[in-house]
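As they're listed, the protein sequences go chains A and B.
Note that the first sequence covers residues 1 to 557 in our numbering.
Note that the second sequence covers residues 558 to 726 in our numbering.
Quick caveat, the hints were computed from the structure, so don't treat them as lab data.
There are no misleading hints in this set.
Here are the simulated DSS-like cross-link-like pairs (lysine-lysine), alpha carbons at most 27 Å apart as the crow flies:
1. A:K176 <-> B:K628
2. B:K632 <-> A:K211
3. B:K628 <-> A:K211
4. A:K184 <-> B:K632
5. A:K302 <-> B:K632
6. A:K354 <-> A:K508
7. A:K135 <-> B:K578
8. B:K625 <-> A:K82
The following label-pair restraints were derived from C-beta to C-beta distances:
9. B:K578 <-> A:K184: 34 to 44 Å
10. B:D621 <-> A:K187: 20 to 30 Å
11. A:K222 <-> B:H603: 50 to 60 Å
12. B:E605 <-> A:K222: 47 to 57 Å
13. B:L654 <-> A:Y472: 52 to 62 Å
14. A:Q183 <-> B:N646: 23 to 33 Å
15. A:K195 <-> B:H603: 49 to 59 Å
16. A:Q106 <-> B:R675: 56 to 66 Å
17. B:D621 <-> A:D214: 33 to 43 Å
18. B:H603 <-> A:E132: 17 to 27 Å
19. B:S685 <-> A:Q106: 43 to 53 Å
20. A:E528 <-> B:L582: 48 to 58 Å
In this text the structure is predicted, and so the values were computed from the model without any measurement.
All residues carry an ideal CB built from backbone N, CA and C; glycine is no exception.
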Amino acid sequence: MVCESLIREGVEHIFGIPGGAILPLYQVLPEYKKLKHILVRHEQGAAHAADGYARATGKAGVAFATSGPGTTNLVTGIMTAKMDSVPIVAITGQVGRPVIGTDAFQETDITGITLPITKHNYLVMDINDLGETIKEAFHIATTGRPGPVLVDIPKDILQGNGVFNYPENVNIPGYKPNTSVNQKQIKRACELIKKSKRPVLLAGHGIKISKAYDELLELAEKCQIPVINTLLGLSSFPANHFLYCGWPGMHGMAYSNLILDQSDLIIAVGMRFDDRITGNPDKFALGSKKIHIDIDASEIGKIIHADVPIVSDAKIALSNLVKSVEEKTHVAWLNQIDRLKNNHPSLALRDTEKLLPQFIIKELHELTNGDSIIVTGVGQHQMWAAQHYTFNDKNKMITSGGAGAMGYEVPAALGAQIGRPNEMVWSIAGDGGFQMTMSELATISENNLPIKFAIINNGFLGMVRQWQELFYEKSYVSTSYKGIPDFVKLAEAFDIYALKVTDKTQVKPAILDAIKHDGPVLIDFIVESEENVYPMIPSGATVQDMMEEPSSQEIKK
Amino acid sequence: MTTNDANNSTTRTVTALVNDKPGVLNRITSMLRRRGFNIQSLAVGHSEVDHLSRLTVVVEGGDDIVEKITKQLHKLIDIIKVNDISDDNIVSRELALIKVNSDTKTRSEIMQIVAIYRAKIVDVSSSSIIIEATGDDQKIQALQDLLSSFGLIEVMRTGLIAMNREKNK
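For reference, chain B alone in the conformation it holds in the complex (with noise of 0.2 Å):
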């Protein structure tokens, strides 16, 4: 397994609640990019509140870092909540969707990489496969670099999604 750069460079988890109305997005990554913050992934989607939205971005920078990006997020009149969750005990999974060459002598090899992956085959050709997996990033980066000796056709990932476990279980 090559080391991924996540595992270099130190990132951070910030996840925020935000009004789901149109431009809330741009609001958001508008003040990444013009201040100068450098995101690893991010990723939106609705949330159990009817209008509002949860949103998780990885940063990459350290504790200094993430404590600006924090209080500018918290200063857009559209973020309600903003949290860094990064030194908390958190799930986090992303969703990764990889086309790889295949054909009748590797078929059976990229199969037992999937299954000890707990992944999934969604589509075969003659020439490809689509697997499906999901997990932290370092677990789709290690799939992602074993998949890689066969040739990657294209890769789509989803961003990390994370969140707080309960405390008391």
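Isolated chain A (complex conformation) (with noise of 0.2 Å):
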């Protein structure tokens, strides 16, 4: 029934790990021919794939676990997925009805511990209802803001037989997403934009989701107004062309920063003010009137006051304003800009011998490109690959972004492969995070998966030495890596190609030589150990504190 209802929404691949409790579903799944089952080594590495999968396709991702650990091994995906928007429906086994609340083997409450970071959760208690319910998850987890949906089914419904009832529509009455825009608001929003001297687009993940590509680039050059891209947002907007800004926040431009700072109207698309963005919101781009569009209505007005609250689909809502705005240049604004661009260049290589991580990027950009879907983990391999690796293209960009869940890396870069098999995927890793999930490198080369791996080796668990160093007096606590463990052995050990860089000669062949390879190759690249990512805004500070880059001394070291 649950195989029945998977195919029905056109699911063709299942990330996963069987057991006691949901042994029955795999038992018959040999029969359904259509579901392609991955068995992944870690719960984790299956809710990763499957958010991966999701952020690559634009389609749910799928994981099954099994009662009790398994399912718990699936929360951090669960609530990656969940930070950064992402449909995916987790099918957990549960112990039969007879046991719930006795403390059975393997039994946990797993609707209970995921209530906060699931959009819904359901524990399947009647086998009839049991169509109705996938229906209602795929419904709840695709459409609106997308997110993550458990559904637990108990061993001894997973056995029964009931009356299978699948319904083509689903009727919710407490969840109804907005389809339509709210036309004054739309009227209010063409004004402040017709009376703006300074508009800036702040784009986010909602473009990438609601596939708005094309209104967001149609209303930036109708009115000659920048776009800025949030770290979730990078992919959606072509770097190349004269309106694109980069990325803003922590560790985005300078420039970025800036361009917001001095705006006079930020028409804010698909984002939530994180606060890697805003840093101290009381003091966040105080010159601007705000538009804020978004399809869910708490993230108006939650971090900033919105003047202009458009509670819409990006998609809907852009193509609205393509319509009504008037068109207008921005000459005297996009000179200011270039001046801050040239003036704040942020993102310029140091000259040396040593191998930087920032080199290696920028080398892979070249090399490909900049036309790989790229992954990656978190912290500072994140940001540089984020900072120098820039993309003209759709959707290439898979990161977690409000989770900020290291190991990420591996897993998701599995579930994009296989979501986008003929596309070339490069998962930039750190040595960090890689170590928590590399258990998966089995997994990629039992499906021959043509995976390359960039690790950006430094030894370190950086960004945390990053903030040790510069607001820990240098105090490293626990953050270098004494015992790791040599990486191309390992990925030999996987049966998987490796090559080890240490110089920066190395660093093109070495690329290039992974590019042609036919299958999964491994790159360990042992970089500078304690370089640091600049610009930095420092947690809940203000553009003004921004610290462009290294100091004279840091320099010399």
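Two chains, two frames, some hints: make the complex.
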């Protein structure tokens, strides 16, 4: 019944691990040839892989896990999907109904545990509800602001027989995502745009989720409005466009932060003013009015007051705006922006013989024509990847934003590669995060997925070390990895081709070698160990506190 | 009468229509807790519609807080409808049971107070009286404060329930 429902939802891939409570479901899987099950090595991998798959394809990712520890291992992945609005449906086995609540073997209250980190969850207690529940789960996960939904199914229900009722449509009285837009607010927005002398579009993940790429471009061009992306919004606007102005925030480009600060109107679309962008929200972009477009009404006014709130899907709101606004130009503003870009270049590389991580990303960008799907973990390497790998194409950047989940880079790359088998996937990994989920190399090897790993190996939990250097007087507590494995030998143990790079001159040949190799590749880049990410705005500070470059003392180091 | 807390800080009254299913109350309280909203009372009971309950929650905070709470409540799939009725013309009531020390000397004085407040005595023993009172929270609070001079043994309050008055009478 579950499999039948999944097929009706167009599911092709499932990531999971079997176990006692979910066995009845696994035992019938072979009868459903359309469903391909990917056996991962840890349930966290299943959830992150489903997440990477969902971000790469726009379809819901599906994860299976058994009761108890199987389900709790999903938790980090579910939370990651919740923070970044990613549609995944987790189907979990539960102990049989007669023993629920008795602390039975491998019993846990997973609906209770995941209550705050799912968009919604279900414990199915009647077999006749099963079809409808799965239908609702996919509907809720993929519509409105997407998010993870968990369906917990007791073993005796998985074993039982009932009437299979799979409704064509769902009707959930308490769930009606907005499918229109308030024309009064569109009119008010148009007036603000008309009056504005220094407008800027701040485009987030919502552009990618609602596939509003063309509408964003049209609005930007029609009114000559510069576009700044959020981290999750990267690859929603072509980076080679003259209106593109980078991404802001704690480690964003200095000019992007300054543009936001000097603007008189911010049109925020499909983003939620995360603290990594605003710093101190009481001092964020005080000179500007805000038009805030988001499908989730609770995001509007949560952190930053919206002068014009527009509760709507980004695509619908932008296409309405494009229709209603008058054409205009902002020559003086664009000149001002050009000066900001010239005076605050931000991303220039230091001239050194040392192997800098930024240099590797730049080379990778060049050698792949900026055309690969980039999956990253969390930390310094993530920031460098976002800074130095720029995207002209749509939906190429997959990274854990809100959750900041280290270890995301391995399983999410797995999911992305399965979702988009004909594109090259580069997983830019940190040595710390990689060690958290590297068991998925087995899954990658088993399925011969041609993922290329670039481990930016500095032997540290780099971002934490950077904070210790800047804010804790270089007291490097527990951030240095002494017992780091030889990643090349490790990859070889999984039958994965691997290279080690220790010198600048080896970077290009190694990347070219990896591109040529037909199958998974791992490159272990042994980089400068104490390099910092700049620019940096310290947590909770403002654009005035931005450190644009390393101090001269640091350069000598 | 001592000042009650409700008069000092702003409180707002929000009502909601919710699915009558296991775990729904947990979803609501879990959201309020994790987002750091303070509530003064919460009352739930069956509504006029099968499988739906009505809930009244009194929250602490101003307009901006209550707007955030209603938006977050609205996001919960099991909540059908949310209304901030604080500024409407509403009837709001709470039921309280108050057990207070009482002997032959004080009994008549307590009975007088009870009569003034249109409350009821529902149990009498040689050393105590149980009083049942309904009213808005200010009235209940005032009665409770008055009775406290006799020595309160136990107070139990249901929390406020509220309903809009009809506009055209």
